[in-house]
Amino acid sequence: MSTPRKAFGGAVLVAALAASTLPATAAAPFSPAQPVALLAGQGDRDINQTRTRFAVHATDLGIMWRDSRGGTAVVFGDTYGEGWGGHGAGPETADWRFNVLGHSADTNLADGLRIDSMVEDRPGHAAEILHRDPAVSEVTVIPTAAVSVGSRDYLHYMSIRGWQPWTTNYSGLAYSDDGGRTWVKPTASRWPNQGGSARFQMGAFVRHDGLVYLFGTPNGRFGNAHVARVAEPDVLNPAAYEYWTASGWRADVDASVPVFGTQVGELSVLYHNGLRRWVSLALDESRAAIVLRTAPAPNGPWSGGRVVAHAVDYPALYGGFLHPSSADGPDLYFSMSQWAPYDSKLMRVRLSDVPTDPNLLSDGGFEDRPAGAGPGPWRIGGRGGIDQGLGQAHSGRNNGWVRHDTGWHDLSQKVVVQPGSRYRISGWARTSATNGEGYFGVRRPGGGVVAEQRFGHLPDYRRLTVEFTADTTEVEAFGGLWARSADTWVQLDDVVLERI
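So for the sequence shown, the working numbering puts the first residue at 91; every next one is plus one.
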């Protein structure tokens, strides 16, 4: 991987890198998450000295779990040693290993996570633990999740066929019975990248109340999250998994439906004992940010997501893997990668700094964004944008708008819903005197209105409300107008979608 191809496990998708790289324009950090110390790589605050101790000059990811020995295990992605070029991944001749594994007994994360040892193939050299599959065309093998049950550790990994486009052969499970030193990759423990199994090419494990939950996403960063569950003794048996479907839990991966979305990359999930809620971190490319969601149950409803770390502060960021101790206490610790300088950092965010609410939409008030950010997670059809600090908002500082003298123009956001469930969408709008055909509601992504409210001239902000029963797994919330040969505008703010 000597050229940039992806930002996961060692290379970079050009579009993904562009989306998560923004100029640092803010005078003060926008992101509530702050770096604690370097986990692995080289640079400032490198408390682990992985370059000199383990020949790890550059790496990424840092998936952490409570391992079978009671400590913390940390698995990294594509890793490079002597000859690394100093930016991103590669070249392939720079002592390239697809993945490496470290162990830590450190329980005080306030000054970083200290790695005590790494699995080595010779003294001072971290070993590759998962190797290529000779039966398929494979570029690399990237771990995506991990969990332990009893004396056994499990890794969920993806077999990468290529990066342009990002495509997997399959995802699979590997296990270790010796604390992570050696791993077995059973051929029966795989999800091929086709049919419903394509929804579980990247994963996140959570062990809870006698079950192991596997959250899955397609390869890449532009899909929804699904969830499955399995009894602890059956982790290696894909046939034993039950998937969340529109009618409950069923042993049918093809019937699985999404639980949140719609641009979910590098997902990590845990159950927080203090909140008594499920917590997830994931990269959202539409926002160039790692976002936090919560839910009362693994199948939701999941909140729309609040920014934890943004590319305005951490250019080319990705990852976001929670430390297991984050399940208790007021602080969340997680690893985060950046394409340059291609390393893994331990980050901290206080839960009180990331308020959550039942809104299923992301950034419904247009406030959770740094100055100058684009419209994401909202999309603009026609002419529109985000007013930032112009005094036009219903509440806060910002609002959305559309304006033109002819044609259809709207703001929209795709969101996952559960078929058969009842929802309410509300928002505040005001318009120019020329508006006679404003519309607010939800529609199917492929076309067709589910429910909407028409409105005319609104001289002051007025609340609009629409209720509907979902008949698909995704809808688009929207607000917009038809302009008829006159300058016409609508301002939109405080949009909320909730299950009722």
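Be aware that a few hints might be false.
Ranges of calculated distance between the beta carbons of each label pair, as one might list FRET restraints [as the list claims (entries may be wrong)]:
| id | residue 1 | residue 2 | range |
| --- | --- | --- | --- |
| 1 | Asp196 | Gly510 | 41 to 49 Å |
| 2 | Pro448 | Ser337 | 46 to 54 Å |
| 3 | Gly475 | Ala321 | 45 to 53 Å |
| 4 | Arg574 | Ala336 | 13 to 21 Å |
| 5 | Leu365 | Asp342 | 41 to 49 Å |
| 6 | Gln124 | Ser575 | 51 to 59 Å |
| 7 | Arg552 | Arg367 | 29 to 37 Å |
If you're looking for bench data, these hints aren't it; they were derived computationally from the structure. Here the structure is a predicted model, which means the values were calculated and not measured. All C-beta atoms, glycine included, are put in the ideal place defined by N, C-alpha and C.
These are the hints, each one checked on the structure:
1. Asp196 - Gly510: 41 to 49 Å: holds (47 Å)
2. Pro448 - Ser337: 46 to 54 Å: violated (24 Å)
3. Gly475 - Ala321: 45 to 53 Å: Given about 50 Å between the Cβ atoms, the range holds.
4. Arg574 - Ala336: 13 to 21 Å: Since Arg574 and Ala336 have Cβ atoms about 40 Å apart, the given range 13 to 21 Å is violated.
5. Leu365 - Asp342: 41 to 49 Å: violated (31 Å)
6. Gln124 - Ser575: 51 to 59 Å: holds (52 Å)
7. Arg552 - Arg367: 29 to 37 Å: Given range 29 to 37 Å: holds, Cβ gap about 33 Å.
In summary, the numbered hints that this structure violates are 2, 4 and 5.
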